[in-house]
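Enquirer: Input sequences plus hints: build the corresponding full structure.
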Amino acid sequence: MKQAISTQQLEDAYDAYGTAVYRLAMAFLGQCADAEDVTQETFCRLLYHAPIFTDENRQKAP
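With the sequence shown counted from 1, adding 208 to any position gets you the numbering used here.
Quick caveat, the hints were computed from the structure, so don't treat them as lab data. Nothing here was measured: the structure is a model prediction, and the numbers come from that model. Worth double-checking, as some hints may not be accurate.
Just the calculated beta-carbon pair ranges, DEER-fashion [to be verified]: (1) Ala235 x Ala212: 25 to 31 Å; (2) Thr215 x Phe236: 16 to 22 Å; (3) Asp245 x Glu219: 17 to 23 Å; (4) Asp242 x Gln216: 27 to 33 Å; (5) Cys240 x Ser214: 14 to 20 Å; (6) Gln216 x Phe236: 26 to 32 Å.
Ideal Cβ positions, reconstructed from N, Cα and C, are used throughout, including at glycine.
Expert: So, in structure tokens, the structure goes:
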């Protein structure tokens, strides 16, 4: 399976948004283990299905 983004881009995205994704999942689910699973699944999907952005400002909508 071909990756849509590089592992470095994935690491950068996790550093930038990982805490926010986890907090949102925790707010919805209320269980640490479930929030961790959702966070992991989110970034796994990003690794294989993310579009390639040419402009870094487009990665996160304002």
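Enquirer: The structure should be examined with respect to each hint, and the outcome stated for every one.
Expert: We went through each hint and held it up to the structure:
Against the hinted window of 25 to 31 Å, the Cβ-Cβ separation of Ala235 and Ala212 comes to about 28 Å, which satisfies the hint. Evaluation of the 16 to 22 Å hint for Thr215 and Phe236 yields a failure: the beta carbon distance comes to about 28 Å. Separated by about 20 Å at the C-beta atoms, Asp245 and Glu219 satisfy the suggested range of 17 to 23 Å. Restraint check, Asp242 to Gln216: a C-beta distance of roughly 28 Å satisfies the suggested window 27 to 33 Å.
The hint said 14 to 20 Å for the Cβ distance between Cys240 and Ser214, and at roughly 30 Å that hint is violated. Separated by about 29 Å at the C-beta atoms, Gln216 and Phe236 satisfy the suggested range of 26 to 32 Å.
In summary, the structure is inconsistent with hints 2, 5 from the numbered list given earlier, while agreeing with the others.
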